[in-house]
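K.L.:
As a plain string of letters, each chain reads:
There are 2 protein chains.
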Amino acid sequence: MDPKKTSFEILHSDSRTNARQGVLHTPHGDVPTPVFMPVGTAGAVKAMPAEFLEALDARIILANTYHLYLRPGHERIERLGGLHKFASWNGALLTDSGGYQVFSHRELRDISEEGVQFRSHIDGSKSFFTPESVIAIQRALGSDIAMIFDDCTPYPAGYADAEASMELSLRWAKRCREEWNRQNNGAQALFGIIQGSVYSDLRKRSAEFLGELEFSGMAIGGLSVGEPKELMYEVVEYTAPLMPWDKPRYLMGVGTPEDLIRAIAMGIDMFDCVLPTRNARNGYLFTSTGRVLIKNAQYAEDQGPLDPNCSCQTCRRYSRAYLRHLFHTGEHLYAVYSTLHNLTFYLDMMRKIRESIALGNFGNWLGLMEKGGD
Amino acid sequence: MDPKKTSFEILHSDSRTNARQGVLHTPHGDVPTPVFMPVGTAGAVKAMPAEFLEALDARIILANTYHLYLRPGHERIERLGGLHKFASWNGALLTDSGGYQVFSHRELRDISEEGVQFRSHIDGSKSFFTPESVIAIQRALGSDIAMIFDDCTPYPAGYADAEASMELSLRWAKRCREEWNRQNNGAQALFGIIQGSVYSDLRKRSAEFLGELEFSGMAIGGLSVGEPKELMYEVVEYTAPLMPWDKPRYLMGVGTPEDLIRAIAMGIDMFDCVLPTRNARNGYLFTSTGRVLIKNAQYAEDQGPLDPNCSCQTCRRYSRAYLRHLFHTGEHLYAVYSTLHNLTFYLDMMRKIRESIALGNFGNWLGLMEKGGD
Numbered sequence: 001m002d003p004k005k006t007s008f009e010i011l012h013s014d015s016r017t018n019a020r021q022g023v024l025h026t027p028h029g030d031v032p033t034p035v036f037m038p039v040g041t042a043g044a045v046k047a048m049p050a051e052f053l054e055a056l057d058a059r060i061i062l063a064n065t066y067h068l069y070l071r072p073g074h075e076r077i078e079r080l081g082g083l084h085k086f087a088s089w090n091g092a093l094l095t096d097s098g099g100y101q102v103f104s105h106r107e108l109r110d111i112s113e114e115g116v117q118f119r120s121h122i123d124g125s126k127s128f129f130t131p132e133s134v135i136a137i138q139r140a141l142g143s144d145i146a147m148i149f150d151d152c153t154p155y156p157a158g159y160a161d162a163e164a165s166m167e168l169s170l171r172w173a174k175r176c177r178e179e180w181n182r183q184n185n186g187a188q189a190l191f192g193i194i195q196g197s198v199y200s201d202l203r204k205r206s207a208e209f210l211g212e213l214e215f216s217g218m219a220i221g222g223l224s225v226g227e228p229k230e231l232m233y234e235v236v237e238y239t240a241p242l243m244p245w246d247k248p249r250y251l252m253g254v255g256t257p258e259d260l261i262r263a264i265a266m267g268i269d270m271f272d273c274v275l276p277t278r279n280a281r282n283g284y285l286f287t288s289t290g291r292v293l294i295k296n297a298q299y300a301e302d303q304g305p306l307d308p309n310c311s312c313q314t315c316r317r318y319s320r321a322y323l324r325h326l327f328h329t330g331e332h333l334y335a336v337y338s339t340l341h342n343l344t345f346y347l348d349m350m351r352k353i354r355e356s357i358a359l360g361n362f363g364n365w366l367g368l369m370e371k372g373g374d
Numbered sequence: 375m376d377p378k379k380t381s382f383e384i385l386h387s388d389s390r391t392n393a394r395q396g397v398l399h400t401p402h403g404d405v406p407t408p409v410f411m412p413v414g415t416a417g418a419v420k421a422m423p424a425e426f427l428e429a430l431d432a433r434i435i436l437a438n439t440y441h442l443y444l445r446p447g448h449e450r451i452e453r454l455g456g457l458h459k460f461a462s463w464n465g466a467l468l469t470d471s472g473g474y475q476v477f478s479h480r481e482l483r484d485i486s487e488e489g490v491q492f493r494s495h496i497d498g499s500k501s502f503f504t505p506e507s508v509i510a511i512q513r514a515l516g517s518d519i520a521m522i523f524d525d526c527t528p529y530p531a532g533y534a535d536a537e538a539s540m541e542l543s544l545r546w547a548k549r550c551r552e553e554w555n556r557q558n559n560g561a562q563a564l565f566g567i568i569q570g571s572v573y574s575d576l577r578k579r580s581a582e583f584l585g586e587l588e589f590s591g592m593a594i595g596g597l598s599v600g601e602p603k604e605l606m607y608e609v610v611e612y613t614a615p616l617m618p619w620d621k622p623r624y625l626m627g628v629g630t631p632e633d634l635i636r637a638i639a640m641g642i643d644m645f646d647c648v649l650p651t652r653n654a655r656n657g658y659l660f661t662s663t664g665r666v667l668i669k670n671a672q673y674a675e676d677q678g679p680l681d682p683n684c685s686c687q688t689c690r691r692y693s694r695a696y697l698r699h700l701f702h703t704g705e706h707l708y709a710v711y712s713t714l715h716n717l718t719f720y721l722d723m724m725r726k727i728r729e730s731i732a733l734g735n736f737g738n739w740l741g742l743m744e745k746g747g748d
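Taken in sequence, the protein lines are chains A and B.
1 is the number of the first residue of the first sequence in the working numbering; add one for each residue after it.
375 is the number of the first residue of the second sequence in the working numbering; add one for each residue after it.
Capping the alpha-carbon separation at 27 Å, the derived lysine-lysine pairs in DSSO-like fashion look like this: (1) A/174 to A/126; (2) B/459 to A/295; (3) B/669 to A/126; (4) B/603 to B/578; (5) A/229 to A/352; (6) A/85 to B/669; (7) B/500 to A/295; (8) A/4 to A/85; (9) A/5 to A/85; (10) B/548 to B/379; (11) B/500 to B/548; (12) A/174 to A/4.
What the hints contain is simulated information worked out from the structure, not anything from laboratory work.
Owing to the predicted nature of the structure, the values given are computational and were not obtained by experimental measurement.
Model the full structure from these sequences, guided by the hints.
P.N.:
Here you go:
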């Protein structure tokens with residue numbers, strides 16, 4: 001295969017579930033899947049020195065087009081050699097399209113057929129995103145994988161609203177595809193995003209239309225926006241089989257360790273979420289024996305490691321008592337060491353899941369989960 | 375020599391100045407001098423992962439008794455095995471006595487012969503420090519080097535006030551020495567602190583009195599408290615020769631790279647200051663070609679390293695443009711990478727100064743300085 005292009009290979013399929021284990025080849029290295037992508041909003045995974053991220057063998061991170069467009073600006077990043085060079089990140093990079101961020105700040109936006117006018121959450125200045133401009137911005141950033149610009153349907157949405165929003169997303173998807181074709185440099189892949197809220201026939205129409213546009217991968221968008229958990233699982237369950245089997249399937253903005261396991265069983269290959277990094281900074285730590293809220297008094301003199309089953313530097317070196325102290329004194333180092341641990345937890349879990357799919361015992365993960373836990 | 379005790383050896387003396395190059399043997403390793411001690415206020419050098427600090431070959435750090443007394447409490451640290459274990463720091467540790475912090479928050483303090491009552495800057499709760507309690511607190515922390523509890527005379531102070539304050543410090547020094555003798559475990563060294571404001575005869579009386587108490591090292595306190603720079607140099611110049619020649623001489627809370635060079639020429643061996651770490655976080659970076667205020671627009675598209683002559687990870691990996699971006703977006707990583715650089719600058723400078731004293735060309739540093747610079 002062409003080392004300069006993104007392609008996908010499925011190496012193992014689970015016999016009891018729809019889980020797959022594969023590898024995403026990118027111009028910046030191979031990414032074994034299923035994969036969790038740490039979120040590097042502003043071109044840096046918050047509080048994670050790149051040395052730590054590399055030691056963790058993170059192969060791909062996600063950066064936010066919306067944030068980089070505002071600061072320092074995509075044109076500046078392009079002049080500085082692209083996001084890989086600017087951030088000194090040699091692994092793979094996926095950029096989202098900003099659709100979700102514009103959706104999050106909806107009181108600041110004004111949507112039309114042409115695109116979305118929105119106000120910066122930083123200084124209130126106005127900008128206008130169109131499918132074409134968002135493709136151009138991501139091209140300037142130079143990510144390995146770009147996402148189409150979509151209208152992220154809020155929850156709850158009535159059927160008619162969800163349908164109109166989904167159809168707008170499809171028209172934008174076509175414009176993104178055309179713009180991408182015009183600018184195609186052979187190195188950047190483009191993924192489609194299925195919308196349709198919680199309506200199965202809308203998800204189906206979206207998936208079928210996007211399938212014909214032949215993207216390099218397909219994502220499920222518009223979830224984790226406030227809908228009940230079971231409804232989210234239901235949508236993933238009926239949407240995943242509608243996605244091309246031989247291309248990477250990406251569930252955007254999800255989620256908890258349990259979400260990941262369940263979605264992998266449904267055939268999802270890629271994930272991103274701020275949960276491990278944001279929770280870390282807020283004192284919520286994932287461990288093999290359940291969550292630890294590090295601010296709690298019970299850890300004040302706890303000499304044990306955060307997670308006795310974790311091999312990260314935080315767990316090898318520091319006690320819960322010391323981490324709690326760093327949290328309470330507001331040290332930057334608290335953010336560093338807590339993020340390192342939570343990301344290790346996520347990435348180690350994904351590594352083990354990949355192994356289990358390859359070895360044919362992925363079902364154990366579902367069993368483990370049913371026995372309860374956090 | 376006894377590896378469990380702190381001792382000092384002078385290896386080289388400069389022929390043209392009073393500079394000395396030596397080694398401070400401590401129960402937690404050897405510390406080549408002159409040495410700059412990074413400040414680890416709360417038992418952690420702010421924003422510096424211990425791995426980075428170790429890679430920098432930092433051999434000794436300073437921790438603040440006042441801050442650790444308040445959070446998490448010295449008794450807690452003692453129960454957790456002492457500060458070395460709590461903070462997972464295997465190098466040498468020096469604790470100050472809290473005198474300076476109590477002085478800094480003077481509107482919150484009430485001083486008497488017995489000691490100082492003060493209010494916590496965190497929650498306003500009252501505490502009472504005495505020479506005896508401060509020795510006990512540092513013993514609980516388990517630092518390699520403890521400092522006596524002194525009254526840090528403010529600047530400006532009239533002669534009578536400075537004399538009364540200095541004499542109170544001497545009475546407290548005696549009480550500290552006696553308490554230390556009672557608690558002596560053979561592992562922790564105690565340093566005296568010379569006061570006397572800007573009056574040479576007061577400094578002389580203080581130095582002579584403390585000299586008879588036979589501390590393991592001697593410090594100059596009460597400087598860098600608002601006096602003009604030249605006056606500070608003058609005090610160091612006439613005080614240093616009054617300090618025991620064969621024991622380490624420590625200038626507390628000083629200073630800029632220029633301050634360090636000038637004080638080393640006067641015979642000082644040890645320094646601590648928040649300048650490199652605090653300045654880093656505020657965007658003030660030390661480089662071989664002068665200071666860099668990283669927030670400035672001139673660096674927005676500067677692809678060069680922060681300091682082309684620096685080998686730290688920050689300079690090897692990132693551009694000024696990226697560091698400026700991290701600063702402006704308020705990323706924790708900005709604090710990490712800027713602190714790493716500024717401490718590298720300080721520690722590399724001290725390493726080169728030690729080499730130059732050993733090689734007999736320390737005078738070049740003074741020459742360099744006179745040619746100007748930052």
